Amino acid sequence: MSIFVDENTKVIYQGLTGSQGRYYGLLNQEYGTKVVAGTNPKKAGTDVEGIPIYATVAEAMEATGATASCIFIPAPGVKGAVLEAAEAGIEFIVAITEGVPAHDEAYFYNKLKADHPNTQLLGPNCPGIISPGKANIGITAGHIAKAGGPVGIVSRSGTLTYQALYELKQKDIGVTTCVGIGGDPVPGTSFIDCLAAFEADPDTKAVMMIGEIGGSAEEEAAEFIKANMTKPVSSYIAGVTAPPGKKMGHAGAIVSGGKGTAKAKMEALTDAGVKVGDNPTEAGELMAEIVAAL
Amino acid sequence: MDLLEYQGKQFFASYGIPVSAGEATGTVDEAVAIADRVGYPVVVKAQVHTGGRGKAGGVKLAENADECRTHAANILGLDIKGHIVNTIWIENASDIAEEYYASFTLDRSAKQHLGMLSAEGGVEIESVAESNPEAIAKIHIDPVVGLTPDACRAWVEAANLNPAATEGAVDILTKLYTAYVEGDADLVEINPLILKPTGEVHALDAKVSLDGNATFEHPDYEQYDATQPRDEREEAAHAKGLQYVGLDGSVGVIANGAGLAMSTVDVVNQVGGSPANFLDIGGGANADVMAGALEVINNDTAVKSIFINIFGGITRGEEVANGIIEAMKRVSISSPIVIRLDGTNANEGRAILEPHLNEQLMMESTMLDAARRAVALAATGDAN
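Order-wise, the sequence lines are chains A and B. Sequential numbering of the first sequence, starting at 0, is according to numbering that gives the first Met the number 0. Sequential numbering of the second sequence, starting at 0, is according to numbering that gives the first Met the number 0.
Simulated from the structure, these hints should not be mistaken for laboratory data. Here the structure is a predicted model, which means the values were calculated and not measured. For every residue, glycine included, the Cβ atom is placed at its ideal position computed from N, Cα and C. Fair warning: there could be bad hints in the mix.
Said to hold, decoys possible - Calculated pairs, DSS-like style, for lysine-lysine (alpha carbon to alpha carbon, straight line, at most 27 Å):
#, chain 1, residue 1, chain 2, residue 2
1, A, Lys42, A, Lys145
2, B, Lys137, A, Lys258
3, A, Lys246, B, Lys206
4, B, Lys54, B, Lys206
5, A, Lys170, A, Lys145
6, B, Lys174, A, Lys110
7, B, Lys239, A, Lys258
8, A, Lys246, B, Lys195
9, A, Lys245, B, Lys328
What the hints assert, rightly or not - Residues from chain A that keep clear of chain B, each with C-beta distances beyond 12 Å, as calculated:
#, residue
10, Glu218
11, Thr229
12, Gly244
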């Protein structure tokens, strides 16, 4: 099994007619994802390589029975796109776009929580989600992941997610689902959401968690792991040597007032029984040891 | 984007928050002219992106034009923790009865906005939080609901300010929340928020940090970009649109993706080296971006070796390899380069790089080995 998405998930691409949306939408389709529709109010009735374009998410859902959407719309339009998808009743929204204002994120996160509790948002500013061999929604290169299991991956960083998938594939270890939650201050899906889903998924036997400096999501995840996880977890935290007060690429990756340091996160995770590596390779090796012992 | 105090005050004033009458300048003569306009006594304040201005002699009271001239001359050009003062703010001095603290920021754990208000202002809020946490009244605000008048009043009452300050504080905090939300700020802070002997409440200082992602909604924020504290290297990288943070070491780092770039900096440290920078060239790694990145790093005289760490995802290894070779034709690099290329079509990419390898351009197959080699080369470079 996999979490959140599988081979039956039908996906609408909001922004399929744009250059990024088209490129990744078609790559995702080629991977096997059921890309059933795109939306663009100005291009309704046209198609992208045979994929029909509708004016709205609601119309696309009505016509295709889709339950998920993937957003490739430029940052100024993301708030509207997320709310449109949620109001239409989409259950799983993946927002890839980076550069979304934090106030927009805080607004639609809370709006969804209050008015659309059955909608799960992933992102924004994330690489998306891949259940290898079944569905790939977003910008992850599908072939760097080995399908199957027993490992689930959750990560705040894009390239480190790929690195993790690749390290595991080199060791011939399969992945049930790999979720990139993104590096922004208000991610729609948290580490804990993913850890809970992996804990409940019978095919996932161990979890690899990749964090980075800033905020306290890793510390909160550590508490959750300590209290609720029976499955082993390995981890890596990027930014051990990052200078305080500087934004390291991601809007969320900033150490402020001595809080959010990699060291504090690593200690919290170690204390929760997580095997913490000093670099991505070591975290991969730790996971290989965990898998060998399963 | 962090605003200087005077920019923050002008930002506050545009939302109707009372601030002291004042103007910014870079010259002594104009400072005196401003002081004449706003009325003595005035405070002459250094405008720099760092704290501790008062201790460094960057904030002075002037009773008359002579004093204003002396202080302005002394403060302009002053070095405060490495920040040279180019701009001073002259404002009418305020009588202070009491000093408070007020701020709004995003609480990432709660995923809601957080307001903090304290009767203990004028000192660092972090020290209040440690020594006397009960003295800070906190309010969580759902962004969908906003700060309601009732909630604002209850919050002010919980902070135990002087009752004379209640109406003024409610008014300012309501406006401050509007400024925070409509202005797309990461942080708005007034410390101190003062109660004057005459009963008015007033923002005596302004700390504002704006969300760089929201500039499309605020084209006027471009003015703040020019006053961001960046060293020469950061300025050059910023002009090329690169995500760059200057560090103090000798190994130049180029990587694709923020996480991998952070991780690369970590690994260089772990194998005993010290990185000269953090540089994320994004997912693509084409020749233009790579050439720009190499140029920025090459201009850093502290750099003794360069570590290019690329993981090909959607971008295939051969595209990355061709990008690197093309970039090297355009930029004449003085330091040796170590490349680690992994991921999609890494073998094809490595095959393209192979014929170009020499003592200037080297390749390693793992991140750790490449880091070790780059660090060793930097050490040799330092010795020379």
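Report task. Could you tell me which of the numbered hints above are not met by this structure, giving the numbers in increasing order? Result -> Structure breaks hints 1, 7, 8, 9, 10 and 12.
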